[in-house]
Amino acid sequence: MSLASALKTGDLTQLPSRRDEDWRWTDLRGLIRAVPPASPALDGDVAPGPFDGLAADEILFVNGRQRHAATSGTGDVVTLRFVSASEGTAHAAAYAIVVEPDTTLVLLESHEGRAGGYFSDVTLDIAVGEGARVERIVLIDDHAEAIDVVTAEVDLAPGAVFNQTVLTAGARRQRIETRINHPGAHANVRLDGVYVLADQRHADQTTIVTHGGVDGITSQLTKGVVDGQARGVFQGRIVVQPGADQTDARMGHHALILSDRAEVDAKPELLIFADDVSCAHGNTIGALDDEQVFYARQRGIPELEAKAMLTQAFLGEVVERIEHEGARDIAVAWVAAKLGRAA
Amino acid sequence: MLKIENLHARVEDKPILKGVTLDVPAGEVHAIMGPNGAGKSTLSYVLSGRGGYEVTQGTATLNGEDLLSLEPNERAAKGVFLSFQYPLEIPGVPALTFIRTALNAQRRARGEDEIAAPAFLKLAKEKAAALKIDFDMLKRGLNVGFSGGEKKRMEILQMAMLSPKFLILDETDSGLDIDALKIVSEGVNALRAPDRGMLVITHYQRLLDYIKPDRVHVLAAGRIVASGGPELALQLEAEGYDKYVGAAA
Numbered sequence: 001m002s003l004a005s006a007l008k009t010g011d012l013t014q015l016p017s018r019r020d021e022d023w024r025w026t027d028l029r030g031l032i033r034a035v036p037p038a039s040p041a042l043d044g045d046v047a048p049g050p051f052d053g054l055a056a057d058e059i060l061f062v063n064g065r066q067r068h069a070a071t072s073g074t075g076d077v078v079t080l081r082f083v084s085a086s087e088g089t090a091h092a093a094a095y096a097i098v099v100e101p102d103t104t105l106v107l108l109e110s111h112e113g114r115a116g117g118y119f120s121d122v123t124l125d126i127a128v129g130e131g132a133r134v135e136r137i138v139l140i141d142d143h144a145e146a147i148d149v150v151t152a153e154v155d156l157a158p159g160a161v162f163n164q165t166v167l168t169a170g171a172r173r174q175r176i177e178t179r180i181n182h183p184g185a186h187a188n189v190r191l192d193g194v195y196v197l198a199d200q201r202h203a204d205q206t207t208i209v210t211h212g213g214v215d216g217i218t219s220q221l222t223k224g225v226v227d228g229q230a231r232g233v234f235q236g237r238i239v240v241q242p243g244a245d246q247t248d249a250r251m252g253h254h255a256l257i258l259s260d261r262a263e264v265d266a267k268p269e270l271l272i273f274a275d276d277v278s279c280a281h282g283n284t285i286g287a288l289d290d291e292q293v294f295y296a297r298q299r300g301i302p303e304l305e306a307k308a309m310l311t312q313a314f315l316g317e318v319v320e321r322i323e324h325e326g327a328r329d330i331a332v333a334w335v336a337a338k339l340g341r342a343a
Numbered sequence: 001m002l003k004i005e006n007l008h009a010r011v012e013d014k015p016i017l018k019g020v021t022l023d024v025p026a027g028e029v030h031a032i033m034g035p036n037g038a039g040k041s042t043l044s045y046v047l048s049g050r051g052g053y054e055v056t057q058g059t060a061t062l063n064g065e066d067l068l069s070l071e072p073n074e075r076a077a078k079g080v081f082l083s084f085q086y087p088l089e090i091p092g093v094p095a096l097t098f099i100r101t102a103l104n105a106q107r108r109a110r111g112e113d114e115i116a117a118p119a120f121l122k123l124a125k126e127k128a129a130a131l132k133i134d135f136d137m138l139k140r141g142l143n144v145g146f147s148g149g150e151k152k153r154m155e156i157l158q159m160a161m162l163s164p165k166f167l168i169l170d171e172t173d174s175g176l177d178i179d180a181l182k183i184v185s186e187g188v189n190a191l192r193a194p195d196r197g198m199l200v201i202t203h204y205q206r207l208l209d210y211i212k213p214d215r216v217h218v219l220a221a222g223r224i225v226a227s228g229g230p231e232l233a234l235q236l237e238a239e240g241y242d243k244y245v246g247a248a249a
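So the sequences go chain by chain: A and B. Using this note's numbering, the letters of the first sequence map in sequence onto residues 1 to 343. Using this note's numbering, the letters of the second sequence map in sequence onto residues 1 to 249.
One chain only, chain A, in its complex shape:
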């Protein structure tokens, strides 16, 4: 059951629906009336992506087809681009990344909507070897009418470090799902997300981290802001399996609702089957603080600018956790631009 299998078979009953507990806020079955035609192969030039210039190697998919493989495959900063370039068509792509033990990879992943109303499904398999270190930054700029599902399955070996930040402005319906198989064993995960949603956009960030062994760390922080009639969804599940003692897992999700008609649905879940673990979660959803807004206005800052400044500061806490400096600068500028401010 997935968007990819429905696209492949044309069978709409393959689509996840609101009856599936994990998809209740991201109903595809109820939305999609027909499977669109397959996206065509495109040969033309593709404009540079958001991380242009930061990496020596680029892996490029256009309309679900891999166009350009990494030149060496050994660079420690790689851009991975998924470009949707045809209106009203559908494509799916899958890609696997193996990170060798004791190496470092910065994966700068972008999902770029260059046309209207496409369907895109991307599946990634990422295997991180023992003692290896990966930072995955995912920047998603979909078209407002797009339907986009991005799923990553991440396998960590002992001592691996996996740090992820997803930044998205949503789509007509969008799901970004990350599943992490966490071995414990001093492996360390940071799993962050930012969503900035306006108009009628929707974004669903779903994460499932399964701690399977002792001494694992997970730190998770997602923050979002919704305006207009937008809908943000956060589902975070951390499973601590029997025997995964000394797990240290922390999850935070905090959202700002800027309009009466916007909505945030959040489901943080800690499923703990081990003793002697340290797990916590925090979840807040609210409006901007009127007192802070008045304070800024009293100093001369107009209302809209004051609200954008406070919203940017709210999201900044997540963005600042990005380690790669160039990517962090781009993320800061991206958030500012989405809020209509200079960085």
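Think of the hints as simulated: they come from the structure by calculation, not from any bench. You may find that some hints are simply not true.
[To be verified] Listed below are several chain A residues computed to face chain B (Cβ distance under 10 angstroms; list not exhaustive):
no., residue
1, 25
2, 285
3, 289
4, 294
5, 297
6, 299
7, 300
8, 305
9, 306
10, 309
11, 310
12, 312
13, 313
14, 314
15, 320
16, 323
Values in this document were obtained by computation on a predicted structure and should not be read as measured data. For glycine and all other residues, C-beta sits at the position ideal for the given N, C-alpha and C.
With the hints as your guide, set chain B onto chain A.
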């Protein structure tokens, strides 16, 4: 400078100000004293334009320009500065960024050029040093984790940087120890100028030992019930507010 005439204001259905009339000429410092619940903070919020207060009657003008019809940020650009009794914490916005954003917004509103970064930093360093504020504090989230005294100094720093025409100090002495009170008062006194007026709102006379007012007014039950020279503050300190509370009721 600031002229308030027969100002009435209410919060929801409760009248708080019941006909305040006050004239603070340029170059003067006026103190407003009064018991708790007299409407002191309401007056400062109504003048600065905070939401939730409804003006039902009366006027307030600065140099002849109506204040009450303006947005809070427009009043700020005209030169009204309210020093908060409890300054807000703004996580994620460094003090320097906040002040520069405010200064440039005011300048834009007045049709002036924005201040260049080097000139701004030079000014900030100079003013911070005068208030004994460690410059590194200005790189942290505004007021986040600051002590009461540090927050008040940060208010005075903002005043000094924004150079407003008219200052309203709402209970600036609350939460200050004697050393902080001295530093804050010196900062305020340094801003006294022939073309600038100040309204100092306080419950206690102590602040007025450091910021010497030209006039003292007693606000009780939403009205100015007595006015006089600095000696009035001393008399209030000795006798309390009882007779005014009785008179106003």
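Okay, the hints, checked on the actual structure:
1. 25: Status violated, d = 28 angstroms.
2. 285: At 17 angstroms from the nearest chain B Cβ, residue 285/A fails the 10 angstroms test, so the hint is violated.
3. 289: 8 angstroms, holds
4. 294: The hint holds - residue 294/A has a Cβ within 10 angstroms of chain B, the shortest such distance being about 5 angstroms.
5. 297: Holds, because the Cβ-Cβ distance from residue 297/A to chain B comes to roughly 4 angstroms (cut-off 10 angstroms).
6. 299: Constraint on residue 299/A satisfied, holds at 4 angstroms.
7. 300: With a minimum Cβ separation of about 4 angstroms from chain B (threshold 10 angstroms), the hint on residue 300/A holds.
8. 305: 7 angstroms, holds
9. 306: The hint holds - residue 306/A has a Cβ within 10 angstroms of chain B, the shortest such distance being about 8 angstroms.
10. 309: This hint holds: residue 309/A lies near chain B, its Cβ roughly 6 angstroms from the closest one there, short of 10 angstroms.
11. 310: Hint holds; residue 310/A Cβ to chain B Cβ min 7 angstroms, cut 10 angstroms.
12. 312: Residue 312/A check passes; min Cβ-Cβ to chain B is 8 angstroms, inside 10 angstroms.
13. 313: Where the cut-off is 10 angstroms and the nearest Cβ of chain B is about 3 angstroms from residue 313/A, the hint holds.
14. 314: 6 angstroms, holds
15. 320: 9 angstroms, holds
16. 323: Result: violated, 19 angstroms to nearest chain B Cβ.
Consistency note: the structure conflicts with the earlier hints numbered 1, 2, 16.
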